[in-house]
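Chemist: Sequence:
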Amino acid sequence: MKLIHSLVLAAAIISFPLPASSENQETFNVAEFTFKYSGQWVRQQPSSGMRAAEFTYDHEDEGLEDVDIVFFVFGGTAGGVKANMDRWVGQFEGTPEFKVEKKEMDGTEVSFLTASGTFMESMGGGPFSGGEKKAMPDYMMLAAFIQGAEQAVILKLTGPGKSVEALKEDFMALATSPFTE
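The numbering of the sequence shown is this note's numbering, which starts it at 1 and goes up by one.
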């Protein structure tokens with residue numbers, strides 16, 4: 001019986017990700033990329049089949065609203081960086097403030113978007129449904145488009161401006177983690 005308990009315990013330990021460093025990081029894979037996360041990112045069950053991974057950042061200690069980050073993976077170029085970023089900026093009312101940055105990381109092109117203004121949240125059905133939208137003033141979006149060899153990985157984080165602003169460094173660390181040691 002002790003052997004069975006030991007085997008069950010060993011299987012449980014192997015099946016859970018171990019910290020990747022002394023900073024208590026854990027890892028997960030999306031397409032060909034291994035992402036590392038730590039701190040207050042809490043892994044969630046993806047809320048739709050289109051999402052490859054989903055996390056919530058627990059802002060309780062800072063007195064800010066929790067914010068979700070979602071990961072998507074699409075074959076090929078997923079329509080391209082410009083088309084996606086134009087669509088994301090178009091999810092804001094009027095002419096939002098936005099900035100696009102491109103970086104070359106270990107031979108992989110990574111594009112980043114920061115946008116802020118009044119976000120038009122889709123009320124059911126997602127952004128392609130053409131359904132009712134709710135205006136969310138003072139919102140911010142952080143997004144990353146990582147073009148892999150055969151698939152594109154997209155990270156998006158949208159929420160109240162103050163909560164998202166507080167996450168810029170954490171977002172960048174997560175988005176660039178496949179390219180750092």
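It cannot be assumed that every hint is accurate.
[As the list claims (entries may be wrong)] Heads up, simulated DSS-like pairs for lysine-lysine below, C-alpha to C-alpha not over 25 Å straight-line:
#1 Lys134 with Lys162
#2 Lys133 with Lys82
#3 Lys36 with Lys102
#4 Lys36 with Lys134
#5 Lys99 with Lys82
#6 Lys82 with Lys156
Worth flagging that the hints you see were computed from the coordinates, not collected in a lab.
Treat the numbers as computed from the prediction; the structure is a model and nothing was measured.
Chemist: Now tell me if each hint is right for this structure.
Modeler: Each hint tested on the structure:
no. : hint               : verdict
1   : Lys134 with Lys162 : holds, 19 Å
2   : Lys133 with Lys82  : holds, 24 Å
3   : Lys36 with Lys102  : holds, 21 Å
4   : Lys36 with Lys134  : violated, 33 Å
5   : Lys99 with Lys82   : holds, 12 Å
6   : Lys82 with Lys156  : holds, 15 Å
In terms of the numbered hints stated before, the structure departs from hint 4 and from no other.
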